[in-house]
Each structure stands twice: as C-alpha cells, then as structure tokens.
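Chemist: Residue numbers (my numbering), protein chains in the order written: chain A, 45 to 218; chain B, 75 to 518.
If you are wondering where the hints come from, they were derived from the structure by calculation, not from laboratory data.
Mixed in with the good hints there might be a few duds.
A short list of chain B residues far from chain A (calculated; beta carbon distances all over 10 Å) [said to hold, decoys possible]:
| # | residue |
| --- | --- |
| 1 | H135 |
| 2 | L160 |
| 3 | D170 |
| 4 | Y205 |
| 5 | S263 |
| 6 | P306 |
| 7 | S345 |
| 8 | P350 |
| 9 | E374 |
| 10 | P394 |
| 11 | L458 |
| 12 | E460 |
| 13 | S461 |
Straight-line distance between alpha carbons at most 25 Å, and here's what the computed DSS-like set of lysine-lysine pairs gives [as the list claims (entries may be wrong)]:
| # | chain 1 | residue 1 | chain 2 | residue 2 |
| --- | --- | --- | --- | --- |
| 14 | A | K122 | B | K346 |
| 15 | A | K175 | B | K448 |
| 16 | B | K364 | B | K346 |
C-beta: ideal position from N, C-alpha, C; glycine also.
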Amino acid sequence: MRIKFFKWAILLSAALMFAGCSSMMPSSDGNSDGAPVADASGDASTSGANRGGAWTGNPLDNPDSPLYSKTIYFDFDKSDIRADSVDMLRAHAEYLVANAGASLTVEGHCDERGSREYNIGLGERRAAAIKRFLEAEGVSGTQINTISYGEERPVDDGHNETAWSMNRRGELVY
Amino acid sequence: MSNMFIKSTFFKTLVILFLSVYALNSRANLTIEITEGAEGALPIAIVPFKWSGAAGNSPMHDVSQIITADLKRSGRFNPLGLEKMLAKPSSGDQVDFRDWRALSMENIVVGQVQPNGTGGYLVRFQLFDVYKGEQITGYSVPTTASDLRSTAHHIADIIYETLTGDKGAFATRIAYVTSVKSAGKKTISLRIADADGFNPQTIVSSTEPIMSPAWSPDGRKLAYVSFENAKPSIFVQEVFTGKREKISSFKGINGAPAWSPDGRYLAMTLSKEGNPDIFVMDLRSRKLRKLTNHWGIDTEPAWSPNGQQLIFTSDRGGKPQIYRVAVTGGTPERITFEGDYNARASYSPDGKSLVMVTRVNGNYRIAGLDLDSKQMRVLSRGSLDESPSFAPNGSMVIYANTANDKGELSAVSFDGRVRQRLALQQGNVREPVWSPYNNRERSR
Chain A
45 MRIKFFKWAI
55 LLSAALMFAG
65 CSSMMPSSDG
75 NSDGAPVADA
85 SGDASTSGAN
95 RGGAWTGNPL
105 DNPDSPLYSK
115 TIYFDFDKSD
125 IRADSVDMLR
135 AHAEYLVANA
145 GASLTVEGHC
155 DERGSREYNI
165 GLGERRAAAI
175 KRFLEAEGVS
185 GTQINTISYG
195 EERPVDDGHN
205 ETAWSMNRRG
215 ELVY
Chain B
75 MSNMFIKSTF
85 FKTLVILFLS
95 VYALNSRANL
105 TIEITEGAEG
115 ALPIAIVPFK
125 WSGAAGNSPM
135 HDVSQIITAD
145 LKRSGRFNPL
155 GLEKMLAKPS
165 SGDQVDFRDW
175 RALSMENIVV
185 GQVQPNGTGG
195 YLVRFQLFDV
205 YKGEQITGYS
215 VPTTASDLRS
225 TAHHIADIIY
235 ETLTGDKGAF
245 ATRIAYVTSV
255 KSAGKKTISL
265 RIADADGFNP
275 QTIVSSTEPI
285 MSPAWSPDGR
295 KLAYVSFENA
305 KPSIFVQEVF
315 TGKREKISSF
325 KGINGAPAWS
335 PDGRYLAMTL
345 SKEGNPDIFV
355 MDLRSRKLRK
365 LTNHWGIDTE
375 PAWSPNGQQL
385 IFTSDRGGKP
395 QIYRVAVTGG
405 TPERITFEGD
415 YNARASYSPD
425 GKSLVMVTRV
435 NGNYRIAGLD
445 LDSKQMRVLS
455 RGSLDESPSF
465 APNGSMVIYA
475 NTANDKGELS
485 AVSFDGRVRQ
495 RLALQQGNVR
505 EPVWSPYNNR
515 ERSR
C-alpha cells in the first residue's frame, strides 16, 4: 500500500508540475523570474525559467488530482461500484490511508423514481458499498461516516434520464 | 320558515370549538381542477346560497360553491351546472320541485348566509328529496369569516353522509412537504392545509430535507423525518402548538414513522444495526422492539386498522414488494405478486384494501389491492406518482405526481372514477398525508 502510494505521489507531482508550467500565464511583473538578463558575451542571451506552479495546497482541492473528483455514479436500482469509478475511489483510499487523521462522510443519493423511504434504503446501500470498497483498500472504518439522502437532494432537478443518471450517485464529503 | 331548520346545539358547539388558531390565509396556494368526471354519480342541485347582508359586504368565500366542489370531487355526486338551473330558490318555500324533477335531480340543497354579529355569519341550509318533495335535513350554523370554509366542508360532510350513508371527509386536512427554490437555495417545508388545498400553513421549515409526515390517530401530532444537523432524525410535533420532540436519532437511517391505531406505538425504519429493519417504539417508555430482521431493505411500515399486523416494503426477494407481519413478530408473508416494483403501501380505513406505488411499463403509478380477491387496480396515470394516502373514510386517495416539470398533488376517488389536480402555484409539492377525522375540534 505504502509503495503504491509513493508511486502515485511521484506520478502525481510530475503531472502537477507539468500542468503548472503549461498553464502559467505571462505576468506583467514577472521580470524577476523570466526577464532576459544582460550578458556581455555577444550573440547569446540567457533567461531564467520560472519556478513552476507546483500545487502546495490540499490535493483534494487540486483540479488536476484524481482526488479532486468526489462523485461516483450508479446504475438504476443498483449499488455496485462501476468500473469507471474504481481508479478514483482507489486514489481516495490511498489518500485516506496516508492521512489517518482525515475523515469523510459518504453520501448515498438516488434518482427520484420510486418511493422515497425505499430510496433512503437504496442510498444507504450505495454509501455502504463505497465504504466497503474504501475499507477493502485499507482505509479504517472509523474514518468513514455514511448518510443516505435518498432522492431528497438531487443535483439535477430535471425529470429525465440525464438528470436521473446525475442524481444516482455517491458523494465523498471531506 | 326557520322552524324548518333543525337547530343543533351539538353542531354549534363543534363550530364554536373550531379555532381561532386558524388565521385565514386568503391566498389559496392550491387550486383544484377536476380532470375526469364521474359517470353514474348521484345528480344533485346545489343552488347558490343567498347573501342577505349588505351587497358590498358579502363573505369572502362562496359556501355553496365549496359544497359543490367537495361533493363533485368525491366522485359520488354529479352537481348540476348553475347555467342549467331554472330557478335559484334560497329556502324551502321557494322550491318548485317540478323544476328539479324536470332536470332529473334527485336532491336539491338551498341555503342562505346572513350577517351574525361582528364578523360573524349564520349559514342556513336545507336538503330536499326532489321526488318526495320533503326536507331530509337542515341546519342553521353560526360561524365566522375565518371558519366559513370549514363550515362549508362540514355541511358537505352532512349532505354526503345523509345521502350515501358513509361519513364525509371534507372537513379534514392534509399535511404535505414543499420545496421552493429561491436564489439557488431550497427551502423545504412541512405544511398543513384543508383537504381541498386551501388555508395552507407551514409548521416546519428547513434548508435540509424533511420527509415522511405521519398524523397521530387523534390528529394532534405529526411525526416526520428531518435532516437538520446533517443527519436524519424522527421528530414528533404538536400540530397546534408547534412544540416538538426528537424521538429517534440513531446512527444510520431514522425513517418512515407510522403510528399504531391506538397512538401508543410508532413503527419506524432504523439501520442502527447495519441495514434497514422495522422497529416498533413504545412512545411512553421509548423502548424499541425489532420487528423484522433481514439483510434486505425493510422499510415503510404501515399498521392494519385493528393494530394486529403491519405491512412493509422489502426487497428481500430481489425487488421491492409488500410483506405483512404480525405485530408480535414472526415470519413476514409476501402479499404482492403483480409487477416487479410495489412499495409504500397503506391500509384502507376498513382494512380490506391497500393502496401502494407500483411500476407499470416503467411508469410509477398508484394502485389499489383488494386483499380478499388479490385484484390489483391501477388508479393513476402519471409516470412518477408516489406517496398515496387514503382519506379517513376510504373514498379517495391523495398522492403526489410530477407534471409540468414540478411536483403536484392529485386525488383520485378509490373507485377510480374521478381524478383531480391540486396544483401549487410555486415550488414542488410532495408526500401528502390525509388527516384523521375531526382533528380541528380537539385543538383546545
């Protein structure tokens, strides 16, 4: 687990640095880093590189981190973790293992179809499935709180398949 | 003439007991629209009641119009249109029964509204058998501006009971949940209104979800689920004082409260042991008894009217179906077999039928199940219909549906003949529950 995490961390920071460089905008007062420096030797001129935009904040808030994504989606009337959610959930598991002091609430949500209290049960089953996945990846159960909101908190208020697929979800709230 | 009115001190007492607690909300938020009429309903003429006070000072509510709407939406009456009336008598001695026989009316209601002291009214009405030419009943009812609507509902109840033999349920109320979005924020409210949707009042308001309101059998309390403080808890709130108490706040689900018919116990769904099961709480001792024990979702308990059994939704067989279990426990027995989704069932007041949500070709609809014949009948026509609730006399079922991109309330007569919409003008309405009888009278 540890080794896996470090591998991840290295990859991650590489990605971050790359992202930081490529997204750096020229700034009006950026002379200290990037301005040409006068040099006596003829044709050649040299420049300093800027320092890059390495992320120093919480990786959970970094748009380029897999930890930034905190919503996973479910199929209709199902609580199985879909294949497209596995990598993202693993990243969260690794973060939680590496940060034993971190904790989160896993929210289970449903689409509006069917009865409300049954959906509360279904939402709890989804939250529990996420919790089990994280525990299987080594996260301590004491770091994970679960709550089901059933269909009571849709992200999309529409009454169509697009809205329903957005609303059948689990949310990781740190 | 006035000797023809039966004076009822009993009824007067009832009327006086109705509250001043009910501040009149003149802006009715719900409007009723009958979407399908009734074939074979009893023809009745309800003549507009005559106002005998000053012309510019007539009451805000049209009593005879309220009575007409009540009787019509029950599905058992077919009130005559005003344009077809040949005369507009307001008392028995003005009625020429030949006019009404010619229109095939079996009964006629006439009446008057008079000023009666400051802000008061006296409503008089008489119900006649057109063929016999005889008065069947009549009352003289003192009331106030704020109680005028409920007086009209009580008169509709008297007419309904006199002519059908069944108790009327027009003077009852409904509780329901609304969600109103404003500036990107949702406000969820638990509200109470008259059974026809008028006089809505908010009794709880929150930015977090509120769910599953349930009336106590005496109509004085509502149990409900609130997610305030980021966890679901069951509260019991006194309807008339607003005083409330947190009844259940265990880890996990605290949901689906259901009062026993004697009001002593509250069945509920708790997942404190890992997954949702049905528990029964003794409200005096607060002691819990676990009624079901299964890894599936067991939820939405409802009591039989005799208090001996509970039905609930369970997906222990793979898909949600309705099961029945004795109040003393034991092995639940599956009672729905039609379709692959049946949920949120409740008993009719006579215990002979259930009403529930069923899935038909991908549509969620309201269905009635006759427990003897096992016949299931789909009552609604929407695609997202839910939360059915019987009127206390079993004549109608109110439910939530989605139309025009928002949640509305509808009602259908249990025979399926009359459907109506109760459309809130703003926001989403859901989870209607019909009150027991006469909950207002007990307010003092």
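Chemist: Would you mind marking each hint as holding or not holding in the structure?
Modeler: Hint check:
In this structure H135 of chain B is separated from chain A by more than 10 Å, as the shortest Cβ-Cβ distance comes to about 34 Å. Every C-beta of chain A lies more than 10 Å from that of L160 of chain B, the closest at about 48 Å, which supports listing it as non-interface. The Cβ of D170 of chain B sits about 54 Å from the closest Cβ of chain A, beyond the 10 Å cut-off, so the non-interface label holds. Distance check for Y205 of chain B against chain A: the nearest CB is about 48 Å away, which clears 10 Å, and the non-interface claim stands.
Annotated as non-interface, S263 of chain B keeps its C-beta farther than 10 Å from every C-beta of chain A; the closest such distance is 14 Å. A beta-carbon of chain A comes within 10 Å of the beta-carbon of P306 of chain B; the shortest separation is about 8 Å. Against chain A, the non-interface label of S345 of chain B is violated: not every CB pair exceeds 10 Å, the least being about 6 Å. The beta carbon of P350 of chain B is not kept farther than 10 Å from every beta carbon of chain A, the shortest such distance being approximately 5 Å.
Listed as a non-interface residue, E374 of chain B fails to keep its Cβ farther than 10 Å from every Cβ of chain A; the least gap is roughly 5 Å. Annotated as non-interface, P394 of chain B brings its C-beta within 10 Å of a C-beta of chain A; the closest such distance is 6 Å. With a least beta-carbon separation of about 6 Å from chain A, L458 of chain B fails to lie farther than 10 Å from that chain, contradicting its non-interface assignment. The non-interface label for E460 of chain B is inconsistent with chain A: the shortest C-beta to C-beta separation is roughly 6 Å, within 10 Å.
At the 10 Å boundary, the C-beta of S461 of chain B falls inside the reach of chain A, the nearest C-beta of that chain being 7 Å off. For the hint pairing K122 of chain A with K346 of chain B, the CA-to-CA distance comes to about 22 Å; that is within 25 Å, so the pair holds. Taking the CA atoms of K175 of chain A and K448 of chain B, the gap is about 41 Å. The hint is violated against a cut of 25 Å. Simply put, K364 of chain B and K346 of chain B have alpha-carbon atoms about 11 Å apart, close enough for the 25 Å limit, and the pair holds.
Comparing the model with each earlier hint shows violations of hints 6, 7, 8, 9, 10, 11, 12, 13, 15; every other hint is respected.
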